[in-house]
Structures are given as C-alpha cells and as structure tokens.
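Based on the sequences and whatever the hints tell you, model everything.
If you read the sequences in order, they're chains A and B. Quick note on UniProt numbering: the first sequence kicks off at 1 and runs consecutively. Quick note on UniProt numbering: the second sequence kicks off at 1 and runs consecutively.
Source of the hints: derived by calculation from the structure; they are not laboratory data.
Just so you have them, the derived chain A footprint on chain B, three or more residues with Cβ under 8 Å:
#1 17-27
#2 36-46
#3 176-186
#4 199-205
Computed from a predicted structure; not experimentally measured. Each residue gets a CB set at the ideal place from its N, CA and C atoms; glycine is no exception.
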Amino acid sequence: MSRNSFMGMLSQRFGAGIFIIGKLLRFGFFLAFIFFLLKGTKTLAGYNLNQTLFFFLTFNLIDVVAQFLFREVYRFRPLVVSGSFDLVLTKPMSALFRSLMGGADVLDLVTISPLVLAIYLVGRGLGPSPTDVLFYIFLIINGLALATAFHIAVISMGIITLEIDHTIMIYRDITNLGRFPIDIYKQPLQGILTYLIPVGIMITLPAKALMGLVSPWGVLLSFAIGVAAVLVSIRLWHFALTKYTSASS
Amino acid sequence: MSLKKYISIFKISFAQEFAYRLNFIMWRVRNVMQILLLFFLWTTVFSDPTRVIFGYDRAKILTYVFGILVVKALVLSARAVEVPGEISRGDIINLLLKPVNFFKYWLTRDLSSKALNFIFSAGEIVILFLILKPEIYLQTDLLLLTGFFLSLILAILAFFALLMITSFVPFWSPESGWGAQFLMVVIVTEFLSGGLFPLDILPGAVQKILYLTPFPYLIFFPIQVYLGKITGDALIGGVLIASFWVTLLWLVMGWVWRQGLLVYRAEGR
Numbered sequence: 001m002s003r004n005s006f007m008g009m010l011s012q013r014f015g016a017g018i019f020i021i022g023k024l025l026r027f028g029f030f031l032a033f034i035f036f037l038l039k040g041t042k043t044l045a046g047y048n049l050n051q052t053l054f055f056f057l058t059f060n061l062i063d064v065v066a067q068f069l070f071r072e073v074y075r076f077r078p079l080v081v082s083g084s085f086d087l088v089l090t091k092p093m094s095a096l097f098r099s100l101m102g103g104a105d106v107l108d109l110v111t112i113s114p115l116v117l118a119i120y121l122v123g124r125g126l127g128p129s130p131t132d133v134l135f136y137i138f139l140i141i142n143g144l145a146l147a148t149a150f151h152i153a154v155i156s157m158g159i160i161t162l163e164i165d166h167t168i169m170i171y172r173d174i175t176n177l178g179r180f181p182i183d184i185y186k187q188p189l190q191g192i193l194t195y196l197i198p199v200g201i202m203i204t205l206p207a208k209a210l211m212g213l214v215s216p217w218g219v220l221l222s223f224a225i226g227v228a229a230v231l232v233s234i235r236l237w238h239f240a241l242t243k244y245t246s247a248s249s
Numbered sequence: 001m002s003l004k005k006y007i008s009i010f011k012i013s014f015a016q017e018f019a020y021r022l023n024f025i026m027w028r029v030r031n032v033m034q035i036l037l038l039f040f041l042w043t044t045v046f047s048d049p050t051r052v053i054f055g056y057d058r059a060k061i062l063t064y065v066f067g068i069l070v071v072k073a074l075v076l077s078a079r080a081v082e083v084p085g086e087i088s089r090g091d092i093i094n095l096l097l098k099p100v101n102f103f104k105y106w107l108t109r110d111l112s113s114k115a116l117n118f119i120f121s122a123g124e125i126v127i128l129f130l131i132l133k134p135e136i137y138l139q140t141d142l143l144l145l146t147g148f149f150l151s152l153i154l155a156i157l158a159f160f161a162l163l164m165i166t167s168f169v170p171f172w173s174p175e176s177g178w179g180a181q182f183l184m185v186v187i188v189t190e191f192l193s194g195g196l197f198p199l200d201i202l203p204g205a206v207q208k209i210l211y212l213t214p215f216p217y218l219i220f221f222p223i224q225v226y227l228g229k230i231t232g233d234a235l236i237g238g239v240l241i242a243s244f245w246v247t248l249l250w251l252v253m254g255w256v257w258r259q260g261l262l263v264y265r266a267e268g269r
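The structure is reproduced here in structure tokens:
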C-alpha cells in the first residue's frame, strides 16, 4: 500500500518538488523566527535558545511522523460519503489499519531523517543523561500513540458525522500550539492543552524529559494517559462502525 | 449596467459563503487559533509590561498581533484561490464565454470574501478583547489612518495580482496548481509579509532584501503605518514603492494571462 502511495506521489514530480520546497521553507522560516526572537529576548518562559529550538524540533518530529503515517486519514471522507468504504470493510485486512495507514506520504518521509539529525545535534548540546534520553524516546513513542488516538477519533467521527477535513485541520491547529513550550499559555488554556487535549503530553513533555525536567512518575502518568487514549479511540472506532450506513454504495 | 452586473456577482458570492457556513466558521476558528498562539507568545516575551524590545512595547506588539487578524482578513481572504482548479478542470471556459471581465469578476468575488471575513474578524477581535483584555494601541492621527487605509488598498491589489499570477501555472502544468499556490500563498506570503511576526525582528540586511520584494507591503507595512512606526517621508516612499509593485504585478498578470490563453485548450470540457 505504501509503495503504491509513493509511486503515485512521485509520478507528479513537479508538484511534489514544490510541496517539499514549501515544507522546508516553512520549517526554515520558523527556525529563523525562533532564532532571531531568542537572540533579542535571551529566554522564552525561562528556556534558552537551544531549549526553545528543541521544543520546536520535537513538535516537528511528532507532526511529520504522524502525517507520514496517517496521510490516508485525509482521503477517508470520500470513501464514507460515496459508500466505497464497503470495499475496505470486505477486504481480509483490518479496516482501521487500512483507513489509518493505507497511504503513507513519501513527501513527509524524506524530511524525517534530517529532522532526527537536527534533534540529535541540538539535543546533545543540552547535555542529557542516559535516563533523560530514554525518557525522551519513551515519551516520543507515547506522543505518537496519542497522535494515533487523535487520528482514530477523527476517522471515527468522520463515519458518524461525515465531516473530516475540518476536524483534522482543527487537530493540526491545536497541535501547532505545541510549537512552543506550553508554559507560555495562561490558565485555563494551559490546563486544557495538558489534560483535555494533551498537546503538552504529546510534544512539550518529551522535550522537557530530555532536559531532565520530568520525574519517572510523570513519565508513567503520561503512559497511562497515552494507553487510555488509544483504548478509548479504538472503542469509538468500533462504535462508529455500527453507525456506518453504506449509503450511496 | 456594467457596475450593476458586478454588484450582482458580489451579492451572489457573498450568499455563497453562507451556503457553506460550517466551512467558513471553521476557517475563522483556525485564524483565531493562530492568533492565540501569537498572543500568548508575545505576552510571555513582554511579561514585564515596561519592557521595550525590537522597538515595540507590550501595547504595540499586541496591537500588531490583533492587526494581523484584521489585515489578513482584508488582504489575504480571496475566492480567486479557486482559479487553478477552474483552469485545470477546463471550467474556466464557462467564464470566458460570459460577458464579464475575467479579472473584474474574480476581484469582485474576492471583495465579497474580504467583506465577510472582515465582519467576522471584527467580531472575533471584540470577543478576544473581552476575554484576554490586552493593552491595545489606538491610532488617532488622521494622516496616519489615511496612510493605513491607502496601504491596505494597495496591499489588496498587489495580493490579487500575486495570487492570479500563481493561479495561472495550470495553463502550462495542470497538476501543479495546488503546489504553486501552497508555496506562494501559504508559505512565502504568510512569512515574508509579516503575517506571523513583525519583520523588524530580523537583521537589518535581511530587512533590506525583503523590502526589495512586494511581500512586506501586504501586511507588515500597513500595520507599521497604523502603529505610527512609519511616518513622513518614509510613509510617502513606502506608498510609492507599493504603488510601483501594484503596477508591475498587474502588468505581469496581464501578460501571463495572455500567454496562458494562447496555450489553453479547454481540456476536460
């Protein structure tokens, strides 16, 4: 499935090239913004330039990996609206897996390696202990689990309401708030971003773990929230399937 | 008769926006979310109310953030984003056969979109103002307010031409319309026009290069005029340069359009 998706994308080389340039430019512009901002202010919510850059890079890693894996979510609505989802349901493959990961995006894949390298280089400058690195990796996996839960919830709501495009873009706008440490937000927004829509646990917490600012209990609690979110989203998916009417097929 | 025709297009286009209400409301919600990020970011930077940095105090930087919401609604809201699709699908032929001017038609539709977005952005500002209670800088100098409105009109005309030039890419490469628009509108314009941060936080050399492009005149320049950071000769000079860009971009737009029509074969119809 992924190979087919890659071939399809690469057949439109010019458009794909422009798209990659656009993504790299956006990343570069943001990086420049953070650099020049922190050059003037020295700190942001108590974090120095390297730390702020690390928050931004961690946000990008979660965001890009989620987009790479779950690009098919953006194409899910026409399947439900047209009734073509029937064809997915009747295949001997998990409909959830097919709907979620059936079309990985090669354009995002090519940006992952340089991003990991940048995280390694900036992260090394923060002088983390082996435990901090371990916590960081665990919490990144947990962040991706939360992103998976969000995407499952989006396609489940898509079956029930036939609306996906806006829900996924709102999800992305909310996660965009994690470009900077959530410490910059005031209550109650900070509380909402930590517990209700756990952008903080997805993005800010892993970066804080590498800086040695998260206790083992914090890591465990985050895991519990991640596992709970995935379980709830899978239940929502099964509930949504009972509401699928196969209309228009 | 001619004006009446475009007034009708304005009204129909305005009504069409309401046909997809959820679409529109979600678009506005997304704009507000972006502003919230900027608001809290700059509030954190200016947590000390007496701090002056990059030539801004707290009231001026927060006014800049709210100014982005209004200026973006007026300058960057456009229905002409549909033009690449119309060209690649061949639908543009319907418009070419009608007794309307292509550019006036899309400019009218853009203006209706801008009017609606402006109304909503004004409402959003009132709501955000009541919730966040930010310090806001109110400009009272009539000359600067006139300069602000004049620079806004020039920004609207310049962006229209930029968008159109980008939208004509499908004449030559039908599959690339979305990519070209993504690059020009979502990435380049958003950042280089000051839609995310004031451009004067950048080093002087970078600012000088940016000022050689039309982008700062879309968002950054009008807000700077409103804030009173550009006055006198600098204001007149800026308006003249913006006028030069509008003229040049409109000439280029007309030329690209004529070249596009020469290769257009109405595929898909």
